[in-house]
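These protein sequence lines are chains A and B, in that order. Converting from the first sequence to the working numbering requires adding 4 to each position, the first position being numbered 1. Converting from the second sequence to the working numbering requires adding 4 to each position, the first position being numbered 1.
Because the hints were derived from the structure by calculation, they are not lab data. There's no promise every hint is true.
Since copy identity is lost for identical chains, a pair holds within one copy or between any two.
[Claimed, not checked] Simulated crosslink set (EDC-like; lysine to aspartate or glutamate; CA at most 16 Å straight-line):
(1) Lys21 / Asp87
(2) Lys52 / Asp87
(3) Lys12 / Glu35
(4) Lys44 / Asp87
(5) Lys55 / Glu90
(6) Lys91 / Glu30
(7) Lys52 / Asp16
(8) Lys91 / Glu65
(9) Lys44 / Asp80
(10) Lys12 / Glu65
(11) Lys44 / Glu9
(12) Lys44 / Glu65
(13) Lys52 / Glu90
(14) Lys21 / Glu65
(15) Lys12 / Asp87
(16) Lys91 / Asp16
(17) Lys44 / Glu90
(18) Lys55 / Asp16
(19) Lys12 / Asp62
(20) Lys91 / Glu9
(21) Lys12 / Glu30
(22) Lys44 / Asp58
Listed below, chain by chain, are the residues.
There are 2 protein chains.
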Amino acid sequence: MSFNEAFKAIADPTRRKILTLLRAGELTAGEIASHFAMQKPSVSHHLKILKQADLVQDRREGQHIYYSLNTTVFQDLLRWFYDFVEKGEGHDER
Amino acid sequence: MSFNEAFKAIADPTRRKILTLLRAGELTAGEIASHFAMQKPSVSHHLKILKQADLVQDRREGQHIYYSLNTTVFQDLLRWFYDFVEKGEGHDER
DNA sequence: TAGATAGTTAGGAAAACATCTAAGTATCCG
DNA sequence: CGGATACTTAGATGTTTTCCTAACTATCTA
């Protein structure tokens, strides 16, 4: 369910850049938006999609909303790719 | 270039299912199509996208075209996710 | 060579998506 | 309260994606 949403969320280059930015630590929506040429509502839309996919979480602090990575879903995705690299040539099907 | 294409290719559930099918070994286009309710040209289209993303390769043998995984791009993608899990929180040594 | 089989290409309709502007909500501060 | 700041929601628009049917290419076989 959320697995498919995560894959779709990551398909967009803007959203991948947002995730990369967040690797350094949490950022406000405005700070994130400042890294892009597009308007703030568009960035907000991307943040919403990342949040629905459980790739990020948000936290309000006064007027600011801080976004940060939620690495648990990344681990699930990591495993999905790992299984291809690991079992790519083998015949170990249970 | 191919990195973004790969992410887009993997975003579609049908294409992910194709990749999963190919983990067991190479399959013809027809065998792949038989696993889906959609028409053959639609599956062919998905195969084309996977091929352009370098996630699969194809090989003709008589009337049949065999598709198989190309795991090298999977390794690149794997690394991308790994960097999030590794540097994100850094407290799971595995 | 003709017909059958395997698969792709072409063209088009419907749905999903990314982006914009305008308007709304939430919070702070004087 | 009223204005400023931070951000989101709503609605519209152009683009991309997915899927279909019809037609095409390639190969095998009789």
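How the hints compare with the structure:
| no. | hint | result |
| --- | --- | --- |
| 1 | Lys21 / Asp87 | between (25 Å within a copy, 14 Å between copies) |
| 2 | Lys52 / Asp87 | neither (29 Å within a copy, 23 Å between copies) |
| 3 | Lys12 / Glu35 | neither (24 Å within a copy, 26 Å between copies) |
| 4 | Lys44 / Asp87 | neither (38 Å within a copy, 28 Å between copies) |
| 5 | Lys55 / Glu90 | neither (30 Å within a copy, 21 Å between copies) |
| 6 | Lys91 / Glu30 | between (36 Å within a copy, 13 Å between copies) |
| 7 | Lys52 / Asp16 | within (13 Å within a copy, 20 Å between copies) |
| 8 | Lys91 / Glu65 | neither (46 Å within a copy, 25 Å between copies) |
| 9 | Lys44 / Asp80 | neither (30 Å within a copy, 31 Å between copies) |
| 10 | Lys12 / Glu65 | neither (29 Å within a copy, 35 Å between copies) |
| 11 | Lys44 / Glu9 | neither (22 Å within a copy, 26 Å between copies) |
| 12 | Lys44 / Glu65 | neither (19 Å within a copy, 53 Å between copies) |
| 13 | Lys52 / Glu90 | neither (33 Å within a copy, 24 Å between copies) |
| 14 | Lys21 / Glu65 | neither (24 Å within a copy, 42 Å between copies) |
| 15 | Lys12 / Asp87 | neither (20 Å within a copy, 19 Å between copies) |
| 16 | Lys91 / Asp16 | neither (28 Å within a copy, 22 Å between copies) |
| 17 | Lys44 / Glu90 | neither (41 Å within a copy, 30 Å between copies) |
| 18 | Lys55 / Asp16 | within (14 Å within a copy, 19 Å between copies) |
| 19 | Lys12 / Asp62 | neither (20 Å within a copy, 26 Å between copies) |
| 20 | Lys91 / Glu9 | neither (25 Å within a copy, 23 Å between copies) |
| 21 | Lys12 / Glu30 | neither (22 Å within a copy, 26 Å between copies) |
| 22 | Lys44 / Asp58 | neither (21 Å within a copy, 34 Å between copies) |
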